[in-house]
Amino acid sequence: MLILGQICLLGAFVAAGFATFTSWMGWYFDHRPLGKWAPRTALACLLLLTLVVLVLAQALVTKDFRFDYVARYSSQLLPWQYSLSALWVGQSGSLLLWAWMLNLLVIAFWQFPRRSSDALRLPAFALLMAFTCFLLTTMVFAANPIAAVSVPTFEGLGLSPLLQHPAMLIHPPIVFLGYAAWAIPCALAFAALLTGQLDGRWARQARPWALFAWAVLGSGILLGAQWAYEELGWGGYWGWDPVENGSLIPWLTGTALLHALMTWRHLGMMKKMSFGLAIGTFTMCNFATFLTRSGIFSSLHAFSQSPIGWLFFAMMVLLVAAGSMFLLLRRADLAAENSISSLLSREAMVWLSTVGLLLMAMATFLGTVCTALSQALVGHKIMVGPPFYNNTLIPIGLLILAATALAPLLQWGEAASITARRILAAAAVSGGLVAGLSAGLGLETGGRHVVPSVVTGIVVFALAVLACSLFLDARRRNPENGRLGMLQCLRERRSQYAGFLVHLGFFSLAFGITGSALSARHQDVEIEQGQTVNWGPRSIRLVEMVDRQLPDKRVAEAVLEVSDQHGDTFTVTPSQHLHLLQNLWTTEVAIHSDWRSDFYAILHGSAGEDRVRMTLIDNPRMRWLWLGGSVMLLGSVISLWPKLRRRQKKSNALPAPRTHQDAIRVDRLTKRFDGLPVLRRVGLRVAVGESVAIIGANGAGKTTFLRCLAGITGWDEGKLWWHGEPVKKRAAPGRSELRRNVSMIAHACQLYPNLTLLENLLFAARMSGLGQPRTQALGWLDRMGLLSQANWLPRRVSHGMRRRVSIARGLIHQPGILLLDEPFSGLDKQGRAWLTDLLADLQRQKKSICFTTHDRQQADQCADRILILLDGTLRSAGVSVEPARGQSQRRSA
Amino acid sequence: MTAAHKICLGGLAITMATTCLAYMGASSSWQFYMTVDELLDRPPSSRDYRVRLSGKVGQDSLQIEPDRHSASFILTGARSQLRVECRGPLPDNLIEGCDVVVEGQMESSGLFKGDQVMTRCASKYAASNHR
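From first to last, the protein sequence lines stand for chains X and F. Heads up: the first sequence is residues 1 to 893, going by the numbering used here. Heads up: the second sequence is residues 1001 to 1131, going by the numbering used here.
What the hints contain is simulated information worked out from the structure, not anything from laboratory work. Because the structure is a prediction, the values reported are computed rather than measured. Note that CB positions come from ideal geometry on N, CA and C, so glycine has one too. One thing to keep in mind: the hints can contain errors.
As the list claims (entries may be wrong) - Here chain X is said to cover these stretches of chain F; the calculated rule only asks that three of the stretch's residues, wherever they fall, bring their Cβ under 8 Å from a Cβ of chain X: (1) 1002 to 1011; (2) 1025 to 1031; (3) 1086 to 1096.
Work out the full structure: start from the sequences and follow the hints.
The structure is reproduced here in structure tokens:
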């Protein structure tokens, strides 16, 4: 098995190198066959790595001490599940795990989603395989997990009992998975910078991976904190140790990245910031690896100096240098498309939160590297303690909380409405009252610290804002049925409300952290059997001391009966275990948890006959901390969950255009207003795929004629056919298959003023019965170059932009016949050029177009034929038209 | 002044405030981090400074009180050693030969008085020739 493992490791190294080479060459030289080899070799690499993992896992479980790794980290008596967890305890094993997970994600990235841009996929893939190759290089040449033991042995060194905890089975793999996942947004960012595809496509692809990495890393951090709380027995869960900080920093910068990507998507802002954060977050993952393996940072984790740590430092330098260089080169293409519209806007709050998160990351980073920096600068190692972190992070955290609380009622790109401001003011008053009562009456904290009360107030404020936002949204959706409206909101804006759920979890997390970190109470006591000790609102009685002998350990327990001022009573049993093999004592704390606080008891040992010494800790709000983390994870899962594809009852496109030669045929159409003829026996034929322009003076009847052709206005005499089907004389309401094939785009844009641009298109899509209306609407906005303004109201955009949206609205259901009334009116030169191209494109798609215009030059450019409407009749330039006699139209000169 | 300018000014103010708070937090909580050899070779200028001292518990030197609330031992470095007395909760895995970190102050008598002792975590990222 040893030989097999070594061969597979070497094979994986070669395969990773080949995959890197072929993907680079395939992209750089645009060589498709070579590019196709890349994912195949990456898959081969994954299979070989999986074999290596299985070989090592099997060796650990079967206690095969021929493996050096097994001899170091396992022992005969170690339970099999903890033997397996030893896979990621050592340096080489953790590198193997990281490489395997990264390779797995790379394959997933290649496969999903299929609609991802090919232009970015291959270069990003090449970068990811390059990093996999880097990890395999370190393993093959510096930290081989499949090395043979130098001196044969029949027993290993074993695993510390402290690590024999369920959380240790999953915490390290989850953290490594998070680190590996952050490589993907970084690779996409570099791919975009390399290829010059800076239009935001990379951001759309990167976002789900960034959210996945963020959720996974956050879960890993929380699991580690829970392990520390339950297992290490000091009453806390976070010690600001460099290793802990190392995982926190990329999580903070990753949070900032998610919000920056959102701002780019909505407003085309924070482009450079997004790139910088994508690269920076992965750099910080490498920093986390560097500081656990370099040995130069003071930490309670036992490391010696290893050259591998410096390899990761070199990787960090490379990422920062390359990222900075590309950003500098591309800075002109990354100018923001908009600026912050108002202090009370969503982008302003995102900006503030991003600054806050970066400051938190910077402070944590400086606190972590303080020792190494101080030694370099002043010759002494100096380190900072929890007061540094608390002083810095708590005020920033409060700021971020407040900004997050405001978000649901604010809009992108515009100031908060009057209604929103009133609601915010009312919610702020409620929150302030609650905070004041909480602090004044010492409800939560006994008056010891005001920050928990402030957080309570902010949480109340946030809940009120969120509830009002949901209520308003629901009422807008469905004024008659609020409950249905709410369901519609949650379904159609799932991503947004999943984000608000994550925010709710964040509030709960902050509620828990501030309570436990700032208001915890400790008490050392000596207590005799049968004695009762009063501590604050609680009475603690030592009922009995119990000594038990188990096969592998001796257990000394203290049974405590605890009662509080409300009369509730519970029993906890802190204990000490003597592990016979290692001759080592471990403390097993006892925790009783409720929503108010955790009662935490640590048994230290005997203080005389029937007398014990213990530490009692009261940790307020701990449950809210764990709940908050779980809710944040749930919100992320909901956001990432793929949308269910409903059975398509509605088609995305209308039936194929009819093959009748004439799309429109008009015969002796006459229209009168109050007896006065506006249209006199007008005739027209428009062939399929033909474009006809109608020019005429103001009041000639152009609009009336178009409205008759659209079936919107009835006529007095004559006949009309669409693709050979007769149309009723009187304007008939309701929809029909035929009517859906005709679209009239009026002279006035006529967008709904209280609906956003996106909502205007959504309305049209739904009215037309299209399937996947949102996808259709977003696609058209993208085509019109208005994706960044999707959530803007019409009054905020220019006339030209409104014209585009009104055209998109008329085209969204892909009609075969297009009637446009003065489409060039109000457009500048650029707008006219754009519309000309669009009409040409539509004609290529065999759409039949009839448009009115004053501009003869524009008509010449866009139309196959030009007709003049004069005195109620249609004439071609210089020739009158008699379509009823079947005469062919002469093209205009 | 546009909203963007106001936001920038606000961000600057927040950064400056954070820097002040960070300085205040650092100045109230900083301590030297030294090995036994470093402490004896270049002790801090003032004995009032707190030190985080790392070393290994010397063989046959560990004495732990039955209540596990105080202990004394010899803390060894590469070349030197130092007598340490600790009062406070002791970690479970405090044994002779293990790596520890002790926080406290050096006394004029040459004794290091610690109020917190921590053992290094059991996870190992040791160099390949380390046992």
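Here's how the hints hold up against the structure:
no.: 1; hint: 1002 to 1011; in the structure: holds (count 7)
no.: 2; hint: 1025 to 1031; in the structure: holds (count 6)
no.: 3; hint: 1086 to 1096; in the structure: holds (count 5)
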